[in-house]
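Enquirer: If you read the protein sequences in the order shown, they are chains A and B. For the first sequence, position 60 (counting from the first letter as 1) is numbered 60 according to the working numbering, and the numbering increases by one without interruption. For the second sequence, position 133 (counting from the first letter as 1) is numbered 1133 according to the working numbering, and the numbering increases by one without interruption.
Each hint should be verified, as a subset may be incorrect.
Per label pair, the in silico range of CB-to-CB distance [what the hints assert, rightly or not]:
no.: 1; chain 1: B; residue 1: Q1034; chain 2: A; residue 2: E101; range: 27 to 37 Å
no.: 2; chain 1: B; residue 1: T1168; chain 2: A; residue 2: L37; range: 46 to 56 Å
no.: 3; chain 1: A; residue 1: P127; chain 2: B; residue 2: H1372; range: 50 to 60 Å
no.: 4; chain 1: A; residue 1: L37; chain 2: B; residue 2: E1311; range: 58 to 68 Å
no.: 5; chain 1: B; residue 1: Y1032; chain 2: A; residue 2: L25; range: 52 to 62 Å
no.: 6; chain 1: A; residue 1: E8; chain 2: B; residue 2: D1045; range: 42 to 52 Å
no.: 7; chain 1: A; residue 1: A129; chain 2: B; residue 2: Q1034; range: 32 to 42 Å
no.: 8; chain 1: A; residue 1: P127; chain 2: B; residue 2: N1284; range: 28 to 38 Å
no.: 9; chain 1: A; residue 1: E8; chain 2: B; residue 2: A1164; range: 17 to 27 Å
no.: 10; chain 1: A; residue 1: P127; chain 2: B; residue 2: Q1313; range: 33 to 43 Å
In silico PhoX-like links for lysine-lysine, alpha-carbon gap of 25 Å or less [what the hints assert, rightly or not]:
no.: 11; chain 1: A; residue 1: K40; chain 2: A; residue 2: K137
no.: 12; chain 1: B; residue 1: K1358; chain 2: B; residue 2: K1413
no.: 13; chain 1: A; residue 1: K99; chain 2: B; residue 2: K1303
no.: 14; chain 1: B; residue 1: K1527; chain 2: A; residue 2: K95
no.: 15; chain 1: B; residue 1: K1243; chain 2: B; residue 2: K1303
no.: 16; chain 1: B; residue 1: K1506; chain 2: B; residue 2: K1351
no.: 17; chain 1: B; residue 1: K1351; chain 2: B; residue 2: K1138
no.: 18; chain 1: A; residue 1: K44; chain 2: A; residue 2: K99
no.: 19; chain 1: B; residue 1: K1243; chain 2: B; residue 2: K1527
no.: 20; chain 1: A; residue 1: K158; chain 2: B; residue 2: K1342
no.: 21; chain 1: B; residue 1: K1413; chain 2: B; residue 2: K1351
no.: 22; chain 1: A; residue 1: K158; chain 2: B; residue 2: K1138
no.: 23; chain 1: B; residue 1: K1031; chain 2: B; residue 2: K1108
no.: 24; chain 1: B; residue 1: K1471; chain 2: B; residue 2: K1423
no.: 25; chain 1: B; residue 1: K1314; chain 2: B; residue 2: K1228
no.: 26; chain 1: B; residue 1: K1276; chain 2: B; residue 2: K1339
no.: 27; chain 1: B; residue 1: K1276; chain 2: B; residue 2: K1031
no.: 28; chain 1: B; residue 1: K1303; chain 2: A; residue 2: K158
no.: 29; chain 1: A; residue 1: K79; chain 2: B; residue 2: K1228
no.: 30; chain 1: A; residue 1: K99; chain 2: A; residue 2: K46
no.: 31; chain 1: B; residue 1: K1243; chain 2: A; residue 2: K158
no.: 32; chain 1: B; residue 1: K1426; chain 2: B; residue 2: K1351
no.: 33; chain 1: A; residue 1: K137; chain 2: B; residue 2: K1243
no.: 34; chain 1: A; residue 1: K158; chain 2: B; residue 2: K1065
no.: 35; chain 1: B; residue 1: K1471; chain 2: A; residue 2: K79
no.: 36; chain 1: B; residue 1: K1243; chain 2: A; residue 2: K79
A few chain B residues facing chain A, derived, Cβ under 8 Å [to be verified]:
no.: 37; residue: Q1042
no.: 38; residue: M1267
no.: 39; residue: R1271
no.: 40; residue: L1274
The hints are simulated quantities; they were obtained by calculation from the structure and are not laboratory data. A virtual CB, placed ideally from N, CA and C, is assigned to each residue, including glycine.
Chain by chain, the residues run as shown.
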Amino acid sequence: MLLNKHGETAENENIIIKDVDGLTLHDDQILPYAYWLTQKAEIKQKLNRVSIWLDSHDDIEALSDDLSSIDLIALNFPKFGDGRAFTMAHLLQDKFGFKGEIRAIGHPIADQAQFLFRCGVDSIDIPAAQDPAIWVKEATRMSRFYQRSAENITANSKY
Amino acid sequence: MSLQQSIQQAAQKEYSPTAPAIAPKNVQMYKYDQFDDEFITQRIDQLRSQINRRLAGELSEDEFKPLRLQNGVYLQLHAYMLRLAIPYGQLNSTQMRALAYIARKYDKGFGHFTTRQNIQYNWPALSDIPEILEDLQKVEMHAIQTSGNCIRNTTSDPFAGAAADELTDPRPWCEIIRQWSTLHPEFAFLPRKFKIAVNAAEQDRAAILYHDVALQIIENDQGEMGFKVYVGGGQGRTPVIAKLVREFLEPQYLLSYLDAILRTYNMLGRRDNLYKARIKITVNETGVEEFSRLVELEWNRIKDTGFNLPEEQKQTIFKHFELPEFELHQYDAEKFESKKLKNNGFDYFVKNNTFAHKQDGYTIVSISLKPHGGIPGDISADQMDLVAQLADDYSLSEIRATHRQNLVLPHVKLDDLFILWQKLTKAKLAAGNIGLLTDIIACPGLDYCALANARSIPIAQMIAEHFDDMKKLNDLGDITLNISGCINACAHHHVANIGILGVDKKGEESYQVTLGGSSRSDADIGKIVGPGFSGDEIVGAIETITNVYLAGRTNNDETFLAYYRRAGQTPFKEALYNVA
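For reference, chain A alone in the conformation it holds in the complex (with noise of 0.2 Å):
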């Protein structure tokens, strides 16, 4: 189930995709980054929409020439405390520009959501087994920041 910064919840229709042998390819599949980098041509020929994951610790500047044929981009969190994604939802959206989706995919737990959204982090796909009312509450937990969100929005924030 998806979840987004308004707290509603969707169903989700995107495969992420881990072992790419014999992969035919589809447009709800999320590729992994490594398999992107080596088919990109392929890739943008075949598929009308696209999708990739990148894990923590790969490395989102080399990913910078592609972005305007990316859709989506979905960030692993391997553990919740592993908190690269924020800091690479932030980069993608404000130093690279990127104007796809942003995903969180991987064990975050409710407690970061809203921390997510306010990095520029558009879904979470919240993990199995646990209970999606929960997230929604986190997702609109707070409405007083002291920061700007993402985009430099000022809305409920202090300055």
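Got chain A; can you put chain B on it based on the hints?
Expert: Then chain B, alone, in the frame of chain A:
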């Protein structure tokens, strides 16, 4: 008894259930506005729901841990521990009374001031914590980010805004950093904890070079104020002195520059090894030139488009810290001197526990929380109430906590000093040992802490009992002695002139001694002098070390550290281990 009732009773005011907890008048500190108050309410609601989810088993201890930690809740040997934030060490008297109330109601009548200018309670029940935080909110305090892998409480000079030797008041800058770092969405899950310290005085009383980021406020050749920025200091297992990354940062860029440092660290910091995750390791492994190049690169990208506090809002924060109205008065110097002559204790107190104030006729008074044989940093609820009362009567209702685990009354009239000393004496708070050998920093050690390998507090008590002659202590003069109960170095043993580290050696406590450390602007890391000592031997070893110094110094003006830097370890080794 409610918090308000308790505060009003302690302040000897008539209790009125509708009156707000009495805010002391005209205290020069940041005061919450409606935004800040609503923010705290929401944060407490969140923690309450997290605690309920944990108690209901919906959150694993693993998942709960970073959440409780970011709200100051630790799980210790015997119980949960709660660490409250005292932003840059500043308190008003009402807040001190609230701390006393919490100590009585939720703890065993004590609080413990830490080396981070914070206070800890060792015995709260987990289920009481939201209620404690609601009480704190009423006096404009919280426990946010006093732990966890996030930006911690910003620390500073405990004499800020009062010291004669400061260039400017660092507190408004600390407050700007506090607000910027509070629940910063990008930096709540860093590789490791992150500590920022600011100093604007000539003397460094905040050990800033042992912080992840150290900001020294300076004036450039054109007379403009700015920050000298150091990165990558720290203690723990690997003590490192912070390295200079920028000679002069224009103040309007403070927040974008901090964003650039934190962002660079968040991406580069190691996440494969807890003990190599601090920024000091990142800087060492990346190289300071390369690290600062990356920071500058990111900063140049965001310095004009990213967030910097607008001037108008900066001014609003600065207004909170405008200097109080000092009373112009001529103090009676003759009377003062005669009181010193008649009272040895008062003489020592004036000599060691006061510091030059920027206003004539005033002084800064340190209250030692290292009484003879006491527990360093510990204070009873009754003593807290008394300190609050003394602050109201003699220090414009202001109190500070220091990184050496003492308290400060920052604005005391010299004419009031004698009566203040008498009242402190009655409450056993008049130890005149600030900056002397028995002004010991000690961690909780094996008596409380889940990480410790050895006892710290009892060793501190044994040393204080052995060195109980004020004349001798004053003769030894300026010496720092810190005791950590494990290699995590919470008591900063590496940076003490005499450092003691308790380790576990085949099931026995062993105390390793380091010499020559300093946490001031002449920062240095102490070196191990030789094999460790048992708990029974350590006091004798310290006695030997001090005797070597007394015998070897050229004159009384040569401090212990100066002597050590001249003579090296050899005379100490010879005396301690009988080697020729």
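Enquirer: Hint by hint, say whether it matches the structure.
Expert: To see whether the hints hold, each was checked on the structure:
1. A beta carbon spacing of about 36 Å between B/Q1034 and A/E101 agrees with the range 27 to 37 Å that was offered as a hint.
2. For B/T1168 and A/L37, the hinted distance range of 46 to 56 Å is satisfied, since their beta carbons lie about 52 Å from each other.
3. Checked against the hint of 50 to 60 Å, the C-beta distance between A/P127 and B/H1372 comes to roughly 56 Å, which is consistent with it.
4. For A/L37 paired with B/E1311, a C-beta distance near 46 Å fails the hint of 58 to 68 Å.
5. Take B/Y1032 and A/L25: their Cβ atoms lie about 56 Å apart, and the range 52 to 62 Å holds.
6. At roughly 21 Å, the beta-carbon separation of A/E8 and B/D1045 lies outside the given 42 to 52 Å, and the hint is violated.
7. Separation of A/A129 from B/Q1034 is about 40 Å and conforms to the stated range, judged on CB atoms against 32 to 42 Å.
8. Between A/P127 and B/N1284 the beta carbons are some 36 Å apart, a value that agrees with the proposed interval 28 to 38 Å.
9. Separated by about 59 Å at the C-beta atoms, A/E8 and B/A1164 break the suggested range of 17 to 27 Å.
10. Between A/P127 and B/Q1313 the Cβ separation comes to about 39 Å, which falls inside the hinted range of 33 to 43 Å.
11. Using a Cα cut-off of 25 Å, the hinted pair A/K40 and A/K137 is violated, with the two alpha carbons roughly 39 Å apart.
12. For the suggested pair B/K1358 and B/K1413, the alpha carbons sit about 12 Å apart, so the restraint of at most 25 Å is met.
13. Distance hint between A/K99 and B/K1303 is fulfilled; the C-alpha atoms sit about 22 Å from each other, no more than 25 Å.
14. Distance hint between B/K1527 and A/K95 is unfulfilled; the C-alpha atoms sit about 45 Å from each other, more than 25 Å.
15. For the suggested pair B/K1243 and B/K1303, the alpha carbons sit about 22 Å apart, so the restraint of at most 25 Å is met.
16. Restraint check: the Cα-Cα separation between B/K1506 and B/K1351 comes to about 45 Å, which exceeds 25 Å; the hinted pair is violated.
17. The hinted pair formed by B/K1351 and B/K1138 fails the criterion: a straight-line CA distance of about 38 Å is larger than 25 Å.
18. Simply put, A/K44 and A/K99 have alpha-carbon atoms about 17 Å apart, close enough for the 25 Å limit, and the pair holds.
19. A C-alpha spacing of about 20 Å is found between B/K1243 and B/K1527, which places the hinted pair at or below 25 Å, so the restraint holds.
20. Between A/K158 and B/K1342, the direct Cα distance comes to roughly 56 Å. Violation of the 25 Å bound is thereby established for this hinted pair.
21. Pair hint B/K1413 plus B/K1351 holds up; C-alpha atoms about 16 Å apart against a cutoff of 25 Å.
22. As the CA atoms of A/K158 and B/K1138 are separated by approximately 20 Å, the hinted pair is consistent with the 25 Å bound.
23. Restraint check for B/K1031 and B/K1108: not satisfied, since their Cα atoms lie roughly 30 Å apart, outside the 25 Å limit.
24. The suggested pairing of B/K1471 with B/K1423 holds, with an alpha-carbon distance near 23 Å, which does not exceed 25 Å.
25. Restraint check for B/K1314 and B/K1228: the C-alpha separation of about 20 Å stays at or below 25 Å, so the hint holds.
26. Of the supplied pair hints, the one linking B/K1276 and B/K1339 is violated, its CA atoms being roughly 55 Å apart against a limit of 25 Å.
27. Annotation: proposed proximity of B/K1276 to B/K1031 is violated, straight-line Cα distance about 38 Å (limit 25 Å).
28. Restraint check for B/K1303 and A/K158: the C-alpha separation of about 20 Å stays at or below 25 Å, so the hint holds.
29. Straight-line distance between C-alpha atoms of A/K79 and B/K1228 comes to about 36 Å, which puts the hinted pair past the 25 Å bound.
30. For the hint linking A/K99 to A/K46, the alpha-carbon distance of about 21 Å falls within 25 Å, and the restraint holds.
31. Note on B/K1243 and A/K158: the hinted pairing is violated, with a Cα-Cα distance of about 33 Å set against a maximum of 25 Å.
32. A distance of roughly 20 Å separates the Cα atoms of B/K1426 and B/K1351; the hinted pair therefore holds under the 25 Å criterion.
33. A distance of roughly 43 Å separates the Cα atoms of A/K137 and B/K1243; the hinted pair therefore is violated under the 25 Å criterion.
34. Taking the CA atoms of A/K158 and B/K1065, the gap is near 29 Å; set against the 25 Å cutoff, the hint is violated.
35. For the hint pairing B/K1471 with A/K79, the CA-to-CA distance comes to about 58 Å; that exceeds 25 Å, so the pair is violated.
36. Restraint check: the Cα-Cα separation between B/K1243 and A/K79 comes to about 32 Å, which exceeds 25 Å; the hinted pair is violated.
37. Hint status for B/Q1042: holds, given a least beta-carbon distance of 5 Å to chain A, under 8 Å.
38. The interface hint given for B/M1267 holds, since its Cβ lies 6 Å from the closest Cβ of chain A, which is under the 8 Å cut-off.
39. The closest approach between the C-beta of B/R1271 and any C-beta of chain A is roughly 6 Å, which is under the 8 Å cut-off, so the hint is satisfied.
40. At its closest, the beta carbon of B/L1274 sits 10 Å from a beta carbon of chain A; the interface hint therefore is violated under the 8 Å criterion.
Hint compliance for this structure: hints 4, 6, 9, 11, 14, 16, 17, 20, 23, 26, 27, 29, 31, 33, 34, 35, 36, 40 are broken, all remaining hints hold.
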